Every structure is written in structure tokens, then in C-alpha cells.
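Participant: Given chain A, put chain B in place with the hints provided.
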Amino acid sequence: MSLVAEYGFVLLVLACCFGFFMAWGVGANDVSNAMGTSVGSKALTIKQAIFVAMLFEFCGAYLAGGQVTETIKNGIVAADAIPPDLFILGMMSALLSAGTWLLVASMNGWPVSTTHSIVGAIIGFASVGVSTHAVNWAGLVPIVLSWVVTPFLSGLIAFGLFKSVQWLIIDTDDPFANAKRWVPVYMFLTGFMLALMTFTKGLKHVGWHFTTGESVALAVGVGVLVASLGMLLLRRIKHDPEANRSFQFASVERVFAVLMIFTACSMAFAHGASDVSNAVGPLAAVVGVIEAGGDMVIGGKSPVPGWVLLLGAVGIVIGLATYGWKVIATIGKGITELTPSRGFAAELATAGTVVTASGIGLPVSTTHTLVGAVLGIGLARGIGALNLSVVGKIISSWVITLPVGALLAIVYFEIMQLVFL
Amino acid sequence: MPINPIVSLFGRSPIGPMQQHFAKAHECAANLVPFFEAAMAQDWEKLESIYQEMARLEREADKLKKNVRMHLPKSLFLPVPRSDLLDLLSVQDKVANRAKDIAGLMLGRQMMIPAALQPQMLNYVKRCVDASAQALTALNELDELLETGFGGREATLVQRLVEEVEEIEHDTDRLQIEVRRALFALEKDLPAVDVMFLYRIIDWVGDVADRAERVGNRLEQLLAR
Chain A
1 MSLVAEYGFV LLVLACCFGF FMAWGVGAND VSNAMGTSVG SKALTIKQAI
51 FVAMLFEFCG AYLAGGQVTE TIKNGIVAAD AIPPDLFILG MMSALLSAGT
101 WLLVASMNGW PVSTTHSIVG AIIGFASVGV STHAVNWAGL VPIVLSWVVT
151 PFLSGLIAFG LFKSVQWLII DTDDPFANAK RWVPVYMFLT GFMLALMTFT
201 KGLKHVGWHF TTGESVALAV GVGVLVASLG MLLLRRIKHD PEANRSFQFA
251 SVERVFAVLM IFTACSMAFA HGASDVSNAV GPLAAVVGVI EAGGDMVIGG
301 KSPVPGWVLL LGAVGIVIGL ATYGWKVIAT IGKGITELTP SRGFAAELAT
351 AGTVVTASGI GLPVSTTHTL VGAVLGIGLA RGIGALNLSV VGKIISSWVI
401 TLPVGALLAI VYFEIMQLVF L
Chain B
422 MPINPIVSLF GRSPIGPMQQ HFAKAHECAA NLVPFFEAAM AQDWEKLESI
472 YQEMARLERE ADKLKKNVRM HLPKSLFLPV PRSDLLDLLS VQDKVANRAK
522 DIAGLMLGRQ MMIPAALQPQ MLNYVKRCVD ASAQALTALN ELDELLETGF
572 GGREATLVQR LVEEVEEIEH DTDRLQIEVR RALFALEKDL PAVDVMFLYR
622 IIDWVGDVAD RAERVGNRLE QLLAR
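Read top to bottom, the protein sequences are chains A and B.
If you number the first sequence the way the numbering used here does, the last residue is 421 and the count never jumps.
If you number the second sequence the way the numbering used here does, the last residue is 646 and the count never jumps.
In isolation and in its complexed conformation, chain A is listed as follows:
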């Protein structure tokens, strides 16, 4: 209580800075994983990818990021088992810890899940810094489960999507004509799925509420809009016999490249919705408690303020503009074996899974979900060569990130306690 009274404003400003720093890190480091497949398969140029990312990461973060932010804010730490002073300092240390780990990993070129970092950090300061009762262990179970389930789920969806593409389009007498016929359906799916999740689960802090029926109708509308726009773009693609001489599916892939524009948008949207919480979740927690004057119960129940999500969204965009675009370029150069007919399936499956998880309020790693989707397509014999050793590396990164995040958070927590208490 005294902490809030004495330092309330300072802490608020500091928390905003740390949250912004973390959001910048997400934009600089993590967005590239979401956009890399679009650039690598040559569906988008780097400039187009950056533009798409800026617009849709912002939209995803602001419009659909509320649920996951809620989870990070309230769902991991039991609000009644922790005094407000420690809660505020702890959340701020969590932000510092995750941000620092992100910076160190970026400089060394290590892949790091921002989601796992922040969750590990919060668990760290709460369980060790305060007491093991401060952590809502029961609430953690669905979160950890989702980390394992989402790659499998997106793998399954990607497998199904790709098989449907092969059946409907590629393995037919006239792949090009069938591509022009069926790709708008996939476009509809992209728009519909994203709009549905957003209308049903997101938008609460913007003040719009829809019934399920209204959401479905609106989502269908968005889907139709997207598909119509897509069909307009497709009209420009003509059958090119010259390009087809060396690889007969070249024209078909061009059709899929248009589809990938939409799935790239969906990836950016999903990633923004999921990862903004890593930056502004702790910030929202701090804001909630400070604005409630130190009352943990009220602060815990308060909704995530819109301006907090806005701060996160802006942070991501700035991170992307200053540093993230370079990483996207590097990743795009590294992925040469992914063609649009595969890329779109991976992106749509990932975006769908991530947006659904975010809608339920589960923080998931977009990168790992994407890896799951790509493996799903590989199982459908769609990709020339996949390094399975990456799966092992990902699992070992889980094992490292959670404790490191926790450890750093504890260190910062102790430091902050010394400074402020």
C-alpha cells in the first residue's frame, strides 16, 4: 500500500517503459518468424511483408490480444496470496527478465520463445520470490498443455489443408483452372476464421459486443469480402506457358502466391494477438493494481485497459521498423524450399490455431506452432527435406528458457525490492 502511495506514478511510468521495451523486443525478434515463410516463398517482397506486418500485428494486438493479456495478468499469479507491493515489483521484474533474455538471445542468434520467457519469469518471481502458494498451479496446467498441443493441432490442420489442395487442385487434369476455382474458398476460410475468433473473443475492450450469431454472420461477411478481393487479384494471373516449360506448376504456384498474401496478413494478426500479451500482460497487471490504489482483488478483476494494448501494439510496430525488418530479410533468404502451395497451408493452420488459442486465453508460441504446421505438411510428402533435429532443439529450448526466465526474474525482483522497499 505504501509503495503504491509513495511511488505509484514512478512505478507506472517504469512499468510502461519495461512493457514497451518488451514489445519492441517482440517486434524486433519474433515477428520475423511469423513473416519469414511469406518472404521465403516469394509470395511477398520484404517491403510488402513489413507493411503487412505493421498493419496486421497492430490490429491483432489491439483487437484480439485482450484474452491472453488477461491470462498473463491474472491467470498465473494468485491475486490473494501476494501483497500488492511485491506483485507490482514482481511483474516489473518479469518484464525486465524476459526483455533481457530476448536481447541476449537476439545478439547471440538463439531462438527464444517470448511466451515461454514471460511465463517462466512470472512463475519464477512468484514461486521463489514470494511463496509457492502465490502461483496458480492449477491454471498453469492448461497453459503448459497448450504448448504441447498447439504444434500437433496446427500440424494436423496443415496436413488436412495440404491434402485437400492436392486432391482438389494439384492432382487434377487442369490444375490451373482448378486453382482459380478453389483458391477463393481458402481465401474465404482465412478471412472467416480470423474474423470469427476476433468477433467472438476479442474486441471487448474496444467496447463492441456481439452475440454468437452476429459474430458468425459478420465473419461470413468478412470472409466473402476477402474472397471477392482475392478473386479480383486472381484475374490478373494468366496461364504462362513459358514459365510452365521448366516446371509445369509454375502458374499454379502464382495463384497460391496471391492466397499467401491473405494468409500472411492472418499470420501477422495471429502473432500480434498472441504475443502482445507477453509485453503488456505484466504491464496491465501493474496498471490494474496501481489504479485500484493497491487493492489486489479489485485490481485483479479490472479489465485490460485499451491504452495498454495500444502501447504494446505501437511497441511491436516500432521494433519491427527499427530492427525486425532485417531479421525478416535474413529468414526469408534462408527459406528457399517453401512454395506458396505449401506456405499458405502452414500459415493458415498456424494462424487458425494461434488465434483460437488466443481467443481462449492461452498464451502459445507462434514459432513452435508454425514448426508443427510445416512438419504436418512434410508428413503429407509435401516438402523436399526437413531437419528433424530442430524438434529436439525446440524441446531443449523449452527446458532452458523457463528456468532462465525464472532465474533472471528472481534476480531483478531482489534488486527492485532493495531499491523500492
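If you're looking for bench data, these hints aren't it; they were derived computationally from the structure.
Keep in mind that a hint or two might mislead.
In silico DSSO-like links for lysine-lysine, alpha-carbon gap of 30 Å or less [claimed, not checked]:
1. 393/A to 487/B
2. 484/B to 333/A
3. 201/A to 333/A
4. 333/A to 495/B
5. 515/B to 393/A
6. 495/B to 163/A
All values derive from a computational prediction rather than experimental measurement.
Facilitator: Just chain B now, with coordinates in the frame of chain A:
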């Protein structure tokens, strides 16, 4: 980022390099036609230069082969079994090896082909090189096969192409019998050692077509899933 999970997830697909390898191997084998023409014209200088060219192509094919093998670690997940791909690669390489052996032996022995045999022999060699060319056409469908998931229409197309290789190889068997029969009629008038080596060359030329057929068969094996 050196070990970004998305980038490191995608390995180097062996399909492009394997197609390049057989293109080189076939180029080596295709040189047999000008080689035999030069031998029949007894143009030894040209013979030497064509042989050097074939040896160079065969070496380059070997390099490509080693390259493919080095990039196929066990941890790589492929759309077809790794062993099937490696077998296909070995058989591809054997086509070039045999072609080079033929050229080497003929050059070394300064082999003279009897005039009565020449038109039949040249026809036979051309047909064997045709088998290799047809195998190359079939193999070049590998990237389309990947696109369609090794099934469906593309697989049927490749099966037809491989059947054509088999037909050409059948044809070369028939031509081989005719050439041997023609040689049999002449052999008493020719030095015995030269005749034996001529028979060996006839066998080896047939081998080129056999190995091309084997390439086709191995390719079909990839489809049998």
C-alpha cells in the same frame, strides 16, 4: 540468425541436385555417339579429346554424387525413403561409369570396328544412348512428383515414361543380338584378341542401356507407396 528454428527446419532438398547429377551422367553417355563416329573414321585426335571430355564429365558427376550424399544425414525427413534415393543415385552414376569405361578401352586399344559392322554398331550405340535420354526425361519429372506428392496423375505419367525406357532397352537387346550375329560371321577373319574385346565393347554398350533401365525402375520404386 544461424539457428532460427524456422530456417533450420528446412533442409536442402536432394531432388534438384539428383536431377543435375543425372543430367551430367547422361551428357557423358551421350558423347558415345560422336566417339564411335570418330572411331569409325579413325580420327584418333578427336577420339582422345572426346575421351577427355567424357572423363571430365564423369568426374563432375562423381562430385555431384558425393555432394548429394553429404547432404542426406539420417536426421533429414524426406518424402521418400532415404535408402531409395541413395540407390537411385548409385544407379544413375553407373551409367556414366560404363560410358567412360567403353571410351577408355576403345581408345587404349585403338580399336578398329570392321566396316561391315559399322552401320549396325552405330545404330546400336545411338539406341542405347536413347535409353539414357529417356531415363533423363523420366528423372526430370522428380520435382513435379514432389509437387504432387508422389501420387496421382504425375505418377502415372512417370510410369509411362519409364515403360518407354524399358521398350527402348528391349530394342537395344534385339540390336545387340544382331550386332553379335554380324560379328560372328566376320570373326574368323579378324585377330582373335581384337574380336574378344569387340564382344566386350558390345556387352558394355548394352550395359549402358541396362543401367538406364535400372534408373527408371528405381524411380518407379519411389512411387510405390
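Participant: The structure should be examined with respect to each hint, and the outcome stated for every one.
Facilitator: Evaluated hints:
1. 393/A to 487/B: holds, 28 Å
2. 484/B to 333/A: holds, 26 Å
3. 201/A to 333/A: violated, 36 Å
4. 333/A to 495/B: holds, 25 Å
5. 515/B to 393/A: violated, 39 Å
6. 495/B to 163/A: holds, 26 Å
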